[in-house]
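Visitor: Residue numbers (this note's numbering), protein chains in the order written: chain A, 51 to 173; chain B, 34 to 779.
None of these hints come from the bench; they were simulated from the model.
Treat the numbers as computed from the prediction; the structure is a model and nothing was measured.
Ideal Cβ placement from N, Cα and C applies to all residues, glycine included.
Accuracy of the hints is not assured; some may be wrong.
To be verified - Lysine-lysine pairs mimicking DSBU-like chemistry, simulated, CA-CA at most 30 Å apart:
no. : chain 1 : residue 1 : chain 2 : residue 2
1   : B       : Lys-232   : A       : Lys-126
2   : B       : Lys-232   : A       : Lys-169
3   : B       : Lys-665   : B       : Lys-675
4   : A       : Lys-126   : B       : Lys-215
5   : B       : Lys-735   : B       : Lys-490
6   : A       : Lys-97    : B       : Lys-215
To be verified - Partial list, derived from the structure: chain B residues whose beta carbon lies under 8 Å from chain A:
no. : residue
7   : Phe-41
8   : Phe-45
9   : Glu-48
10  : Gly-85
11  : Ala-96
12  : Phe-204
13  : Asp-209
14  : Ile-669
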Amino acid sequence: MSKTALVVDDSPTMRQMVALTLTNAGFDVLQAEDGKDAVNKVTGGPKMDIVVTDLNMPEMDGISLIKELRKMASFKFTPILMLTTESAAEKKQAGKEAGATGWIVKPFNPEVLLKIIAKVLPA
Amino acid sequence: MSDDFSQFQDAFFEEAGDHLAVVEEGLLALEQHPEDLDLLNKIFRSAHSIKGTSGMFGFNAVAQFTHKMETLLDLLRNGQKVVTPQVADLLLKSTDCLKTLVDAAKTGSPVDDETVQRLTIELATASALGGQPPAQAASGSKQASSPLTPSLIPEPLHHYTIAWTPPDWLFQRGLDPLQIFKELANLGTLSQVAVDTTKLPELAAMDQEKCYLSWSMRLETVKDRKAVDAVFEFVREDSVLVIEECEALSVKREASESGQEREASESGTKHASRFTNDASRETSGMDGEPKPLGELLVESGAVSRETLDKALSQQKRVGEILIEQHAVTPQQVEQALQKQKQQESVAQSKKTDTASIRVDTDKIDKLINLVGELVITQSMLSDLGARFEMSQISVLLERMAQLERNTREIQERVMSIRMLPIGTAFSRFPRLVRDLSAKAGKKIQLVLAGEETELDKTVIESIGDPLTHLVRNSADHGLEPPEERLDNNKPELGTIRLNAFHEGGNICITVEDDGRGLNRDKILAKAIKQGLITENEKLSDDQIWPLIFKPGFSTAEKVTDVSGRGVGMDVVKRNIEGLGGTVKIKTALGKGTIFTLKLPLTLAIIEGMTVRVGKDTYIVPLLSILESIQPKAGAIKTVVGKGELINVRSTYLPMMRLYDVFSLQPEYTDPTKAILLILETEGERVAVMVDEILGQQQVVIKSMEQNFRKVAGVAGATILGDGTVGFILDVRGLLEIARQGAPVAA
Chain A
51 MSKTALVVDD SPTMRQMVAL TLTNAGFDVL QAEDGKDAVN KVTGGPKMDI
101 VVTDLNMPEM DGISLIKELR KMASFKFTPI LMLTTESAAE KKQAGKEAGA
151 TGWIVKPFNP EVLLKIIAKV LPA
Chain B
34 MSDDFSQFQD AFFEEAGDHL AVVEEGLLAL EQHPEDLDLL NKIFRSAHSI
84 KGTSGMFGFN AVAQFTHKME TLLDLLRNGQ KVVTPQVADL LLKSTDCLKT
134 LVDAAKTGSP VDDETVQRLT IELATASALG GQPPAQAASG SKQASSPLTP
184 SLIPEPLHHY TIAWTPPDWL FQRGLDPLQI FKELANLGTL SQVAVDTTKL
234 PELAAMDQEK CYLSWSMRLE TVKDRKAVDA VFEFVREDSV LVIEECEALS
284 VKREASESGQ EREASESGTK HASRFTNDAS RETSGMDGEP KPLGELLVES
334 GAVSRETLDK ALSQQKRVGE ILIEQHAVTP QQVEQALQKQ KQQESVAQSK
384 KTDTASIRVD TDKIDKLINL VGELVITQSM LSDLGARFEM SQISVLLERM
434 AQLERNTREI QERVMSIRML PIGTAFSRFP RLVRDLSAKA GKKIQLVLAG
484 EETELDKTVI ESIGDPLTHL VRNSADHGLE PPEERLDNNK PELGTIRLNA
534 FHEGGNICIT VEDDGRGLNR DKILAKAIKQ GLITENEKLS DDQIWPLIFK
584 PGFSTAEKVT DVSGRGVGMD VVKRNIEGLG GTVKIKTALG KGTIFTLKLP
634 LTLAIIEGMT VRVGKDTYIV PLLSILESIQ PKAGAIKTVV GKGELINVRS
684 TYLPMMRLYD VFSLQPEYTD PTKAILLILE TEGERVAVMV DEILGQQQVV
734 IKSMEQNFRK VAGVAGATIL GDGTVGFILD VRGLLEIARQ GAPVAA
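With the rest of the complex left out, here is chain A (with noise of 0.2 Å):
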C-alpha cells in the first residue's frame, strides 16, 4: 500500500511542487491550502504518514496546524515537516516546540524533499 502524505500551502505553486514530487514517489497525496483547511481535511479522515506543511499561511499558520495535529491521536508520532525559509532560531524553535519533526529550507529541489522526507519516514 502506498504511503499518504499530507501537504498543507497556501501558494498553489508551491504546493503543486511539493505534492508532485510525492505522487511521483509513490505517495498518496492530500492537499490543503492552509491549516483550518488541513484540519478540515483530515479530522476523522484518513490518517497520514507524513505531514509537509508551511508555516507563513492565512487563516491557520503552520505552528497552529502542528499543535492542532498533535493534539489528534492519529497524529501523536506522525513525521510533520515544516518548510521555512526562516533561518532566524525562533521560528525553529517554535516549530520544535510545536511538535515539528524536522524542517525543510526553501528553495530546495525535488531530490532534498525526499531525501528528508526518507530521513524521518519510518520504512
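Chain A is fixed; fit chain B onto it per the hints.
Guide: For chain B alone, kept in the frame of chain A given last:
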C-alpha cells in the same frame, strides 16, 4: 529539472504576478496606515511566497532579491523598524525592481543590474539594526555562506565513537531513533551499538510516550564530520551528543569534553551556513554527483568564489571572438544580434499572447450545469423525433424553445469566461498617480469607480497603455499646480476620476480631471502653426478637440519626462480604434476635461450592417460607416489613373463598385440607382457601391486565414441567420485596393 515541473512555471509567473500586485497595493495602503500590522503581514506573506517559489524554480536572482525585501519587511512587522515614508518608498522601488527580475526570468528581458545592486544595498542598510554599516552586514553573510573547511582529497576512513542521549520528548515530535541508526548505517559501518537503559523507570512509572534510552556506537565511514552531524540535524540541539573521532582502535581524544562544548556552540553557526547555502549544492556533494569544474575548484580552496565569478564573467561571447579573429566585422555581429533580438521579441510576444486565463470555478460549474441541461434537451428532442406524430407539434415547439434558451445561456456563459473585471487594468493607477503627483509637485487624488465592470480579457490587456497615457496627460497637463488652483478658487487637491460602466453593447471608460480644461485658442494656434488646419477654417469645438489626437501635437510649453513630447495622444486614439472603439472629449475651460473611451465588450463580435450585392450578402463594420447616400447623376467623375471619384459635398472621394472588386453580378450598375456607403478608417475615406442595405446585426467573426486563406478586402466571414456565409468587409483593405485600382479575382 524534469518536464513535469516546467508545467508549473507558467503557474508560478501568474502567481508571482498576483503576489506582486498584493505587495504593491499593500505598500501603497501602508503609506496611509503605517501602523497596520495585518497589512504588513499580508505583504510579508506575499513576498515570502515569491521567494519560496522562485527559489524552487531556480530563479535565484528573484529569490535573493526578495529575501532582502523580506528581511526588511520582517523587521517592520516585528516592530524592530518603523515604516517611514523613506522605507515605504524604498520597498515600492524594490517591488518595481522585483517585477523586472520576474519578467527577466519569464522572458529573458534585460535587467538593470546597477539598480538591483543599489537597491540590494539600500535594503541591507535599511535592515541593519543599530546603524550597522551595510558593508559589514553583507560581508558577514558572505562568511557564513562560504564552506567552512572544504577538502577534495579522497578522505581516508574515519572512525567515530558516538554517544547520544536524545531528549525524552523525541517520540512526541514524530522522531524515531531507528531512522537515525539506519541513516548512520548508510554512511558506513555501524558497530558496537549499545543501549543504556539505566534511566528506564519502573513499569508503573513509565510514560510510554517518552524516551528514556541513550545509545553509544562506533561508526566507520569515508564521509566527514559534517555528514555525521547532518544525520542528527533535527535532534542535535536538544540532545546530549558526543561525536569523537579516533584513529583505528587507539582512541585519539582530539575531541575532548571541552570539544563537546565547542561542538555545541559551533552547531549554531553551521546552521546559519546551511540556511543560506544552496541546498541542492549541498546534497549533490553528498551524492558525489559530478559538479562543474569551477565549483570543484572553489570547494577545494584552489580559487575563491569571487575569482571564479570574475573568470566566468570574462568568458567571451562568440561574436567577440569572431571579431578578434577578423572573421566578421562588428557591424555584421551587430546586425545578427539585432535579428536575434527581433526573433526573440517575436517569440516573446507570441508567448504572452497565449497566456492562460484564470476563471472563477463558479463560472465553470454553471457552464457544466448548462451543458448538462443541453444534453437533456437534446435527448428529449431525439426521443421525440424517433416517434414523431403531428399531434405532438406543440411539444416540439416547446422543446425547441428550451433548446434555444440553453444555447443562448451557454453562449453568454462562454463569453463571460473571457470577461474580467476592469479593476485589473485600474490597479496600476494608484501607484502611477502617487508617483506623478510627487514628480510634478501637485496634489492629486485618484478616484476609481466601476472596477467590477467586466470586459474581454484581450481588451483589458490592450487598454492599459492608452489609459496610462490619458491619466498621465491629465496629471501633467490637465491639473494645475496647487498655487494656480488656489488662485482660481479651486481646492488645492486635484482629482482624477476613472470610471467604467456598461452602455448598450459597449463599455465606456472615462478619464476625468477637474483641471484647467482644453484651451481652444492654444490648440487652434498650434494646429495652424503645424499646418494641420488653415487660418480661415471655421471649426466648431467638437472639431477642434480631436486635433490633439493628431501625430506630433502638443501644446505643453515645456517637455517633461511625463508627457508633452506630442507622442502618445495619437497612439491612444490609434490603439482604441484598433480595438474597434472611439475616443470622445468633453471639456470646459477652467473646470476640467473628460475623455470617454467607448469599447466593444468583446473582439469576437462586431456590430455590422448587412448589405446586398446581387445575390450575395456582405457585412460592413458599423463603426467605419459615416453615411450612406444615393448620388445624383453627374456627381461621379472618372480620372485617368485614379479610377472613379465621387463628389460628396465638394470633396472628391474614390469610389469602388463592390461587384467589380469581387466579380459579382449586381442588380444595378448605375450608381444613381444603387447605394453608396461612405466608409472611413484612420482618417481616409472611400465610397463603396452596393445594391441595397438590408439591416443591422451583431455578427461573430470567423477567421478567413484559419478556414480558407487571406482574401484582400475581406476581414473575415460569419454565418448568417439563414445558414449561409457572409463576408465581413475589411475597410482598410478596400482602401488599398482603391489605391491600386485593380480588382481582385475572388
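Visitor: State for each hint whether it applies.
Guide: We went through each hint and held it up to the structure:
no. : hint                    : result
1   : B:Lys-232 <-> A:Lys-126 : 24 Å, holds
2   : B:Lys-232 <-> A:Lys-169 : 27 Å, holds
3   : B:Lys-665 <-> B:Lys-675 : 21 Å, holds
4   : A:Lys-126 <-> B:Lys-215 : 22 Å, holds
5   : B:Lys-735 <-> B:Lys-490 : 19 Å, holds
6   : A:Lys-97 <-> B:Lys-215  : 25 Å, holds
7   : Phe-41                  : 6 Å, holds
8   : Phe-45                  : 5 Å, holds
9   : Glu-48                  : 5 Å, holds
10  : Gly-85                  : 4 Å, holds
11  : Ala-96                  : 6 Å, holds
12  : Phe-204                 : 6 Å, holds
13  : Asp-209                 : 5 Å, holds
14  : Ile-669                 : 66 Å, violated
Violated hint for the displayed structure: number 14, the only one.
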